[in-house]
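Asks: Now for the letters of each chain:
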Amino acid sequence: MTPSTMLAKTLSPRARLWLKRAGVLFFYLALWAVLARAVDQPLLLPSPTAVLTRLVSLLPTPQSALSLLYTLGRTLWAYLLGIGAAILLCAASCRFSLADALISPLLSAVRATPVTSFIVLALVWLSSARVPVLTGFLMTLPVVYSALTGAVRGIDPKLHEMAKLYGFGALGTLRHVIVPAVLPAFVQSCLASIGLCWKAVVAAEVIGVPKMAVGSRLYESKIYLETDSLLAWTLTIVLLSVALEALLRRLARRVLEVRHE
Amino acid sequence: MNKPFVRVHDVSFAYDPAKPVLSRVSLVFDGPGEDALLGPSGCGKKTLLRLCAGLIAPTSGQIERSPGPVAFCFQEDRLLPWYTVGQNVALALPRDVQRDRERAARLAETWLERVGLPDVAHMYPSELSGGMKRRASLARALAYDAPILMMDEPFRALDEQAHADMLRLVRACAQGRLLLLVTHDERDSSGMQAVRLSPP
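Protein chains in written order, with the numbering used here: chain R, 1 to 261; chain L, 1001 to 1200.
Hints in this document: simulated from the structure, not taken from any laboratory. There's no promise every hint is true.
Claimed, not checked - Computed list of chain L residues with no C-beta within reach of chain R, every gap over 12 angstroms:
id: 1; residue: Lys-1003
id: 2; residue: Ser-1012
id: 3; residue: Ala-1014
id: 4; residue: Cys-1043
id: 5; residue: Arg-1103
id: 6; residue: Ala-1164
id: 7; residue: Gly-1176
id: 8; residue: Arg-1187
Stated by the list, open to error - Listed next, with one range per pair, are the computed distances between beta-carbon atoms:
id: 9; chain 1: L; residue 1: Gln-1193; chain 2: R; residue 2: Leu-102; range: 45 to 55 angstroms
id: 10; chain 1: R; residue 1: Arg-111; chain 2: L; residue 2: Arg-1007; range: 50 to 60 angstroms
id: 11; chain 1: L; residue 1: Ser-1129; chain 2: R; residue 2: Arg-21; range: 36 to 46 angstroms
id: 12; chain 1: R; residue 1: Val-124; chain 2: L; residue 2: Glu-1076; range: 51 to 61 angstroms
id: 13; chain 1: L; residue 1: His-1009; chain 2: R; residue 2: Gly-167; range: 21 to 31 angstroms
id: 14; chain 1: L; residue 1: Gly-1042; chain 2: R; residue 2: Pro-184; range: 35 to 45 angstroms
id: 15; chain 1: L; residue 1: Pro-1081; chain 2: R; residue 2: Ala-91; range: 22 to 32 angstroms
Where is the CB? At the ideal position from N, CA and C, for every residue including glycine.
Given the sequences, and given the hints that come with them, work out the whole structure.
Replies: Laid out in structure tokens, this is it:
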């Protein structure tokens, strides 16, 4: 038995998973380092060390910290607004057919429209700091809305009959039938839309260049040809996106457990 | 307490106007008592029960029912899959009992024991066999405090012994209430007032 096989057998499945992930990360970092050395032009492709050094020097500055906070704040604001609006519009759509006739095609059109079209159009109407919120909102809303309306309409009508005969009432039906039935689809759509929202907010910041924004820092890095800085900010965006998704996934697991309590 | 009743006056019903399911049916079910609705498939027994429960409206005619809720045992189990079997039964208990979670859980367990399911309160419906789900659904209907008890083939998927036990339990629980039982099995109606329907 080789030492690596022995090590694999003594480790817990969780530790093995993390070891595997670390191995994958190491592989890509090594590939990046090899490519950077082969290209040998930091302006085109800086080495991972240069990017990490830049990241460490960038992040502690007040402007970077504020940019991160503002972008994070805009994303969360847009995301929560999008989810809230999706819930309200879904309730209206499922209750009134006229509301459904008005809302559904509009949101389908929003979903099909390229995000840059919204950004450019919104820049005509709003300040550059507000455009990212609107863009993130418009990315979240249709995803959550269509998942919610699909789930509400998919509820077995026999369960509604049962709720009616057993005197659940409107609130009881909402609590015991509708909410638990739509919760998995709702949670999945929330998980799917956080990444979209985050990317849309950063894209709107890159185009609108508000004062405090990660997107603006990206734009400046591009203008000044600071490729290491550009990659450092991109890395920050990716890491934050992964962290946000992981946090939400944990929250989602908890919410789905509560469904059974 | 007022006597429970269901009065059906000249009721017709059709899902498709060309194919009436019930045509000018008039019946009186005055409780307390036990009435069995019998007849071949397609004669409209189930539709009549749904009309009596107010789940659908008649195409013409009128249905009068004594005030108060109806405990209905559906042909399918209709248990909420996200709740345990105990929670499903507890939802049929009166609101004030439901507020006290421990008491509701104890009562639900008692009802489940009465239908021969002593250790399933913590299980989810998906973990039960067809017969067990049927009995859990019966426990929920019997736990619901209503003067009228309507049952749509409640003993389907039960073996002979369980069938006999559940029929006995239903009849015991129907004391002082009005029981309307839709069944294909003539034996179920023994000792009950039998109403035979025929296709229109």
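Asks: Give a verdict on every hint.
Replies: Hints and how they fare:
1. Listed as outside the interface, Lys-1003/L is consistent with that label: its C-beta sits roughly 21 angstroms from the nearest C-beta of chain R, beyond the 12 angstroms cut-off.
2. With a least beta-carbon separation of about 22 angstroms from chain R, Ser-1012/L lies farther than 12 angstroms from that chain, consistent with its non-interface assignment.
3. No beta-carbon of chain R is positioned within 12 angstroms of the beta-carbon of Ala-1014/L; the least distance is around 20 angstroms.
4. At the 12 angstroms boundary, the C-beta of Cys-1043/L stays outside the reach of chain R, the nearest C-beta of that chain being 22 angstroms off.
5. Non-interface call for Arg-1103/L relative to chain R: holds, since the shortest CB-CB distance, roughly 17 angstroms, exceeds 12 angstroms.
6. In this structure Ala-1164/L is separated from chain R by more than 12 angstroms, as the shortest Cβ-Cβ distance comes to about 27 angstroms.
7. Remark: the non-interface label on Gly-1176/L is consistent with the geometry, its nearest Cβ contact in chain R lying 20 angstroms away (cut-off 12 angstroms).
8. Listed as a non-interface residue, Arg-1187/L keeps its Cβ farther than 12 angstroms from every Cβ of chain R; the least gap is roughly 27 angstroms.
9. The beta-carbon spacing between Gln-1193/L and Leu-102/R, approximately 54 angstroms, falls within the hinted interval of 45 to 55 angstroms.
10. Range check, Arg-111/R to Arg-1007/L: about 54 angstroms between beta-carbon atoms, so the 50 to 60 angstroms window is met.
11. Separation of Ser-1129/L from Arg-21/R is about 42 angstroms and conforms to the stated range, judged on CB atoms against 36 to 46 angstroms.
12. Between Val-124/R and Glu-1076/L the Cβ separation comes to about 56 angstroms, which falls inside the hinted range of 51 to 61 angstroms.
13. A hinted range of 21 to 31 angstroms for the beta carbons of His-1009/L and Gly-167/R is consistent with their spacing of about 26 angstroms.
14. Taken as a hint, the range 35 to 45 angstroms holds for the pair Gly-1042/L and Pro-184/R, whose Cβ atoms sit roughly 38 angstroms apart.
15. At about 23 angstroms, the CB distance of Pro-1081/L to Ala-91/R agrees with the hint of 22 to 32 angstroms.
Every hint from the earlier list agrees with this structure, and none is contradicted.
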